[in-house]
Amino acid sequence: MKLNSILSFLSPKDVRFFPLLNETATVLDQAALLLTELFSSNDKERRKELCKLIKEEEVKGDKVTGRIFKALNETFITPFDREDISALADQMDDSIDAINRSAQKVLLYFPEILPDSTLQLAEIIKKATVEIQLAVAELTNLKKTDQQVKNHAKEIKRLEEAADVVYEKGITTLFKSDLSPIELIKLKEIIQELEKSANKINNVGKVLKTIIVKYA
Amino acid sequence: MKLNSILSFLSPKDVRFFPLLNETATVLDQAALLLTELFSSNDKERRKELCKLIKEEEVKGDKVTGRIFKALNETFITPFDREDISALADQMDDSIDAINRSAQKVLLYFPEILPDSTLQLAEIIKKATVEIQLAVAELTNLKKTDQQVKNHAKEIKRLEEAADVVYEKGITTLFKSDLSPIELIKLKEIIQELEKSANKINNVGKVLKTIIVKYA
Amino acid sequence: MKLNSILSFLSPKDVRFFPLLNETATVLDQAALLLTELFSSNDKERRKELCKLIKEEEVKGDKVTGRIFKALNETFITPFDREDISALADQMDDSIDAINRSAQKVLLYFPEILPDSTLQLAEIIKKATVEIQLAVAELTNLKKTDQQVKNHAKEIKRLEEAADVVYEKGITTLFKSDLSPIELIKLKEIIQELEKSANKINNVGKVLKTIIVKYA
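Chains as they are written, first to last, in the working numbering: chain A, 1 to 216; chain B, 1001 to 1216; chain C, 2001 to 2216.
So that you can see chain A by itself, here it is in the shape it has in the complex (with noise of 0.2 Å):
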């Protein structure tokens, strides 16, 4: 055992983890800023660097959730259940490797035209990340806070639902249009990824909602 372990067992609650989940939570919001401007952008060079910079919060994402899982091991008593803070950091990753793996696909793609679908997605995106930024740094005092990380929890919900409608439209567009099967092919594909971005997004609304069940 090391000695940082056998400090964190002394203290009574180890705090070292909220702001380790705050600064994933800010690498989150970050790339979801990021895709908003990638999705505006038309200068094909601004693109190509957007899609770096994305490359790059998702590598730091990989790095603070690292760290987070390797406190988890060293520590004693923590905030939540380890389970919890796990579930949290690990739907927060997935939701940054969706964002970077839907900007690679516009890189990789590069499609002609980008629908208005494709900005509207990012735009519900960038909203539902701020409501997780908030949920999260409210956390450290969920006895307090209980009712505004629900609230935070129903509106990425909400915006999940908003995606939805927008995938939907956007996908029936593509397909009612008179473009070609690989330009159709590549937007279909780029649509999809941004789904599934919502999709996980609400996958950590979910998370949050299980910790105010549990902890609150």
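FYI, nobody ran anything at the bench for these hints, they're computed from the structure. These numbers were taken from a predicted model, which means no experiment stands behind them. Beta carbons: idealized from backbone N, C-alpha and C, even for Gly. Among these hints, one or two may not hold up.
Cut-off 25 Å, straight-line C-alpha distance, at most; resulting in silico cross-link-like pairs (BS3-like, lysine-lysine) [claimed, not checked]:
id, chain 1, residue 1, chain 2, residue 2
1, A, Lys55, C, Lys2209
2, C, Lys2154, A, Lys52
3, C, Lys2048, B, Lys1196
4, A, Lys70, C, Lys2188
5, C, Lys2150, B, Lys1188
6, A, Lys206, B, Lys1055
7, C, Lys2070, B, Lys1209
8, A, Lys60, C, Lys2150
9, B, Lys1150, C, Lys2063
10, A, Lys157, B, Lys1052
11, A, Lys154, B, Lys1055
12, B, Lys1052, A, Lys154
13, B, Lys1052, A, Lys206
14, B, Lys1157, A, Lys196
15, C, Lys2169, A, Lys44
16, B, Lys1055, A, Lys169
17, B, Lys1196, C, Lys2196
18, A, Lys52, C, Lys2048
19, C, Lys2176, A, Lys188
20, C, Lys2206, A, Lys196
21, B, Lys1144, C, Lys2070
22, C, Lys2206, A, Lys48
23, C, Lys2048, C, Lys2063
24, B, Lys1157, B, Lys1169
25, A, Lys206, B, Lys1070
26, B, Lys1206, C, Lys2060
27, C, Lys2209, C, Lys2127
28, C, Lys2188, A, Lys52
29, C, Lys2196, A, Lys52
30, C, Lys2154, C, Lys2144
31, C, Lys2176, A, Lys48
32, B, Lys1176, A, Lys188
33, A, Lys214, B, Lys1060
34, B, Lys1188, A, Lys176
Per the computed footprint, the stretches of chain A lying under chain B, defined by three or more beta-carbons under 8 Å from a beta-carbon of chain B, are [unchecked claim]:
id, region
35, 167-176
36, 183-192
From the derived model, a few chain C residues whose C-beta atoms are all more than 12 Å from chain A [claimed, not checked]:
id, residue
37, Asn2042
38, Arg2046
39, Lys2060
40, Asp2062
Let chain A serve as the given structure and place chains B and C on it in line with the hints.
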């Protein structure tokens, strides 16, 4: 600790889980029934209605799964290890989600024709959900019913292999047809979603096998 | 409690897990070897045979994974936390499944040509499974071999990044080619399955890293 937790602590085995698991299995079977109707119907309005009804089953599935997880958090004594109950609930819920995704793709893509393989897959899925429903109902008395549950698990695996054969034939036929690329893309995805549904249902069978190994 | 459980309870560390994990790693490596042969062969009959052989490895993988989970249920003392053994077995099994899916897509789609990127990806996958096999063999004596296992994990990550580069180049080349949409769809999916296989193998590397952090 809430009162019902204390009560369940005093009772030798909490039996609330079996009705909830049976309820999930019933939702799954109902979703599969609607799916077979969807792929036999030629009426566009009826298809829309069926997709809506399947979506409603998916929402029901989410709710009952949520109640199972809530109950797991509040209960000290569970009839099986909590990881087995949660795996069973999770995999059934994933199966319902996959059936719903298959249906929503029909609504979204509106393909001109639905090849025979789609109805054949839906019918295999329906047969497998009947096996799941029977097996889950027999879990209450596993010492006596282990041979039956084992047989259901075996039949679920056999059905998954049958689904694989239909899937492969369906895809091969599709690529040999003279469909337009756009129609091919649509039908390929629908057949793939159906095959994924059959796979998810087979995962329920795998959990059932684990439960037999551990408790029978 | 069965007799072998009692015996293993009396022995300080149950060593049955290492041979089983080594067996899984061998199946994974064998599947990868057959995969490289599949993508180098031009003979249609030989390709069919290779797909059948890969499927057989997949069945073997399922069986040995099943035995690992059975052993975990019957054993009180395990060399690592049971969650680590089960994660390692699970991720290796998922990798075998992904290799099998890549192979079955070749059989199913029968593409006219197989681009270079497919063989390149298969070769990277093969190199990574060698690293896994070596690392798993060294787990029995982790206090002494931790540096080697760490190096294997590092090499697995490097190979995954190499696979990413080949994947991106392969997809870009595909979309720039004048292939028919149907052929493009087929090849895109095969390349994507290969990239997923490389990803799954990298997940094995991540589990190895966790094990080093916890036990070395």
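Violating hint indices (sorted, rising): 4, 5, 14, 18 and 22
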